[in-house]
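*Asks:* We have chain A; now place chain B onto it with these hints.
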Amino acid sequence: MTDTLNETMGAIGRPLRRKEDARLVTGNTNWTDNIQLPGTLHMAFLRSSIAHAKITRIDTSAAKAAEGVVHVYTGADFPGQPGSTCVWPVTDDIVMSHYPVICEDEVKYVGDVVAVVIATEKYLATDALDLIDVDYEVLPAIVDMEAALAEGSPLVHSDKGTNRCYTAPVPFGGNYAEVKAKADVVVTRRFINQRLIPTTMEPRAVVAAPMGMADEITLWSATQVPHVLRVLLAMLTGVPENNLRVVAPDVGGGFGGKLQIYREEVLAVILARKLGRPIKWTETRSESILTMHHGRDQIQDIEIAATSDGQILGMSVNLLADMGAYLQIITPGTPLLGMFMYSGIYKMEALDFTCTGVYTNKTPTDAYRGAGRPEATFAVERIVDELAAELGMDPMELRKKNWIKHEEFPYTTVEGLTYDTGNYEAATARALELFGMDELRAEQAVRRATGDTVQLGIGISTFTEMCGLAPSRTLGALKYVAGGWEHCTIRALPTGKIELVTGTSPHGQGHATAWSQIASDIIGVPVEDIEVIYGDTGRSPYGMDTYGSRSLAVGGQAIKVAGERLVEKARIIAAHQLEVSPDDIEFNAGTYSVKGDPEKATTIQAIAFAAFQAHNLPDGVEPTLSGEATVDPMDFSYPHGTHLAAMEVDTETGKVKLRKYVAVDDCGVQINPMIVEGQVHGGLAQGIAQAMYEGAEYDSNGNLLTASMGDYLIPSSADLPSFITDRTVTPSSTHPLGTKGIGEAGAIASTPAIVNGVVDAIRHLGVNNVLMPTSPQNVYRALQAANKGGAA
Amino acid sequence: MTHISAMVDGTHRTGEVEPRLLLVHWLRENLGLVGTPIGCDTSNCGACTVLVNGKSVKSCNVLAVQVDGAEVQTIQGLASEDEWHPVQKAFKECHGLQCGFCTPGMIMATVDLLSENPNPTEEEIRDGLHGNLCRCTGYHNIVKAVSHAAAEMSGS
Chain A
1 MTDTLNETMG
11 AIGRPLRRKE
21 DARLVTGNTN
31 WTDNIQLPGT
41 LHMAFLRSSI
51 AHAKITRIDT
61 SAAKAAEGVV
71 HVYTGADFPG
81 QPGSTCVWPV
91 TDDIVMSHYP
101 VICEDEVKYV
111 GDVVAVVIAT
121 EKYLATDALD
131 LIDVDYEVLP
141 AIVDMEAALA
151 EGSPLVHSDK
161 GTNRCYTAPV
171 PFGGNYAEVK
181 AKADVVVTRR
191 FINQRLIPTT
201 MEPRAVVAAP
211 MGMADEITLW
221 SATQVPHVLR
231 VLLAMLTGVP
241 ENNLRVVAPD
251 VGGGFGGKLQ
261 IYREEVLAVI
271 LARKLGRPIK
281 WTETRSESIL
291 TMHHGRDQIQ
301 DIEIAATSDG
311 QILGMSVNLL
321 ADMGAYLQII
331 TPGTPLLGMF
341 MYSGIYKMEA
351 LDFTCTGVYT
361 NKTPTDAYRG
371 AGRPEATFAV
381 ERIVDELAAE
391 LGMDPMELRK
401 KNWIKHEEFP
411 YTTVEGLTYD
421 TGNYEAATAR
431 ALELFGMDEL
441 RAEQAVRRAT
451 GDTVQLGIGI
461 STFTEMCGLA
471 PSRTLGALKY
481 VAGGWEHCTI
491 RALPTGKIEL
501 VTGTSPHGQG
511 HATAWSQIAS
521 DIIGVPVEDI
531 EVIYGDTGRS
541 PYGMDTYGSR
551 SLAVGGQAIK
561 VAGERLVEKA
571 RIIAAHQLEV
581 SPDDIEFNAG
591 TYSVKGDPEK
601 ATTIQAIAFA
611 AFQAHNLPDG
621 VEPTLSGEAT
631 VDPMDFSYPH
641 GTHLAAMEVD
651 TETGKVKLRK
661 YVAVDDCGVQ
671 INPMIVEGQV
681 HGGLAQGIAQ
691 AMYEGAEYDS
701 NGNLLTASMG
711 DYLIPSSADL
721 PSFITDRTVT
731 PSSTHPLGTK
741 GIGEAGAIAS
751 TPAIVNGVVD
761 AIRHLGVNNV
771 LMPTSPQNVY
781 RALQAANKGG
791 AA
Chain B
793 MTHISAMVDG
803 THRTGEVEPR
813 LLLVHWLREN
823 LGLVGTPIGC
833 DTSNCGACTV
843 LVNGKSVKSC
853 NVLAVQVDGA
863 EVQTIQGLAS
873 EDEWHPVQKA
883 FKECHGLQCG
893 FCTPGMIMAT
903 VDLLSENPNP
913 TEEEIRDGLH
923 GNLCRCTGYH
933 NIVKAVSHAA
943 AEMSGS
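Protein sequence lines correspond, in order, to chains A and B.
Per this note's numbering, the very first residue in the first sequence carries number 1; after that it's consecutive.
Per this note's numbering, the very first residue in the second sequence carries number 793; after that it's consecutive.
Be careful, since some hints might not be right.
[Unchecked claim] Within a straight-line C-alpha distance of at most 25 Å, the following computed DSS-like cross-link-like pairs (lysine-lysine) qualify:
hint	chain 1	residue 1	chain 2	residue 2
1	A	Lys595	A	Lys569
2	B	Lys881	A	Lys19
3	A	Lys497	A	Lys569
4	A	Lys19	B	Lys936
5	A	Lys497	A	Lys600
6	A	Lys180	A	Lys401
7	A	Lys660	A	Lys400
8	A	Lys160	A	Lys54
9	B	Lys936	B	Lys884
10	A	Lys497	A	Lys19
11	B	Lys884	A	Lys19
12	A	Lys657	B	Lys936
13	A	Lys660	B	Lys936
14	A	Lys400	A	Lys180
15	A	Lys401	A	Lys347
Worth flagging that the hints you see were computed from the coordinates, not collected in a lab.
Bear in mind that the values here come from a model prediction, so they are computed numbers and not experimental data.
Same shape as in the complex, but just chain A:
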């Protein structure tokens, strides 16, 4: 592979090494916590150590007298002030919650904020926390979702009269009761999609300062969503939007955990304005694990109905989704983002879907890599394997019998979405080739026949997902408050350098490189002459930011249109200067030439200078050269793939080993295949982590037991293998560049592949379900239960 461009190939499709890396490998980084402004005051938070309690007394006098302490604030100082908000009230009768910036009279989860110390030094602020005296009257903690819904349960929000946040029955196509009545086989399972903790390597950090012009407050935050955050901060704090600048500098990972408006951000803005000084806070890892929003946490009751020859007729999906103690930005909508994906890649006549959101005394949940789609994909890919076992069919044959065939696209699913393109046959064929299925099945048979204590299982996941969230009208119909468009401005500067201003906000995805590649091909300027500007509402005023694999799927379209508009404006100027009609001008690789007379030519860089001089522009053409576009996507796009896992299970200890993992993904046209592959690797690691290692555990009093990196098992290099990956390419028909998304695919596909493999390894021992993570303990318990005839 090489970084050098040549004339025969454009920049799109090349594995260019990343522009971003120069500062990241040398330590010349700009993380929020690096910012040190003169006169900074540091925030430290006193957090509740009790899941549910009344605050009966707070004495802050000793803390206020401590060295370096400037202020100590409690809830009484900010009555009624919200610290976060929910922009997706999913039903008309949803029970919303008030999330106070500092709790006034009641705490509702371990980590809830009771007081904040403002001090001149970070250590002194933390020291003073120990001097605050709080009396609590402990209330019953609501931890279990089903218990929370039971008659007479204590309440998380006593003024609401219920712990039920909402119930959303969605009338998808067909009549499930009818298809169930005619089915030969009905299989039901309860899957637990356990609570996960995003655990970005960079903890959250904020600096808010009265800087810049007039009354402007600048907030630097380790956020995925500077644009969304600016709007919501203006609404929540009363700081006028036009006095608020939000900057996301280098951001160390997000995975949904930084798609949020957090109370610490709200408070930093309020206090910077109130005190007139910079306010800074960087969370500790322990704080992060407790209070960055969590993900997943669903109980999934799934039923599938089929004929005896393996024709899937329909599915019924009944979810309980844990909201935690409060609703944050899209807490109630997150499980519903998956509702369109329960039929997966399969044709069926009917699908019933109901989701009930439940309040508990736990950290709020919200989007985590995949946000609803991993949960849906897990359920459908697991239940299809269970159906295959029930029917005695090969699980891949059952899939092939039911999936949408290549020639059937575009295909409208039972949920009413129209999948644009796909080729499940091609991806599966390639995956099987890389995996060596026949040899592994033969080894599996030998191990079974010999009663080996280490059994082998093969896990399949043939998945699809939806990217490019979303046409704004669709979001409106789903009761989401905002739109789904994206913006790009491309400016050709007088010296020929290019500024590409995007509304996407990367935090590891390599937009600076990939966006340069797209623009390079469209406007014919070398990749190295293009600077991508993002993540700062002062320099990039319009945008919807980065989440849901939307950046290329939506933002890429805006780059293309903006680039084309720039090229067209320059064409008019070029024609004027070359004294021909614009129709007689050809544009190729940055050069405008006269058709049939290629010696008469000029470059886009020369036009940029001419547009700056404005000495000789055609009548009616304004000086300066730029193109600008705000694009609303015409539809979602649907990447897919086939993932295969070979799992070893020690039947004596329950220990699981991932021996081999093959991922063949189809994300349409790839802008930078090196970055695509990196996204796949990272997604795989997170999905495999859910399947094998991670899980947030609470005790019955609502204490988070996995509250450090020592207890919450992020896999290390020693816990994962190298992956075997490849891609098939089926271009999207709804995206002008033919691209789909790839940021979440690995995390969506891999979890069921692993668990299907574990169950396949020990199904002959009577096991048909294993809880995640497939820890030795959970596997051993499943084996023991099966041994006693108690399989699920």
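*Replies:* Coordinates of chain B only, in the frame set by chain A:
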């Protein structure tokens, strides 16, 4: 306050520090060497890894007073004026980073690993770096980068 003196990235630095001050806070807050980030408070993640007298340490787990008289090397002192260290080059070449937050620690741990074992196997790399967590790459390309750097440094 305790007086300390150390060579940090080739420069003689001194300071009056609280005995409880962590090395990483001395580097970041006092010396302005913010290239070394902090990822946790339990010594699990390794993002803050630096070399003290040539050996990798997690600088959130060392007190500043412990490096009195020592030589400290951070990510910011790894490249020479005109050339990156081979490990830095390898991480870029092999796409061994995405968000880059774990990268300083990962690179410094790799420098130490390769000084002890110039030609590690994949298993030895995975074992050698298991104290440095990454959430973006799944480690696949980090392992490739370390192998690549090892080959470059041994001239093979």
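*Asks:* Sort out which numbered hints this structure fails and list those numbers smallest first.
*Replies:* none
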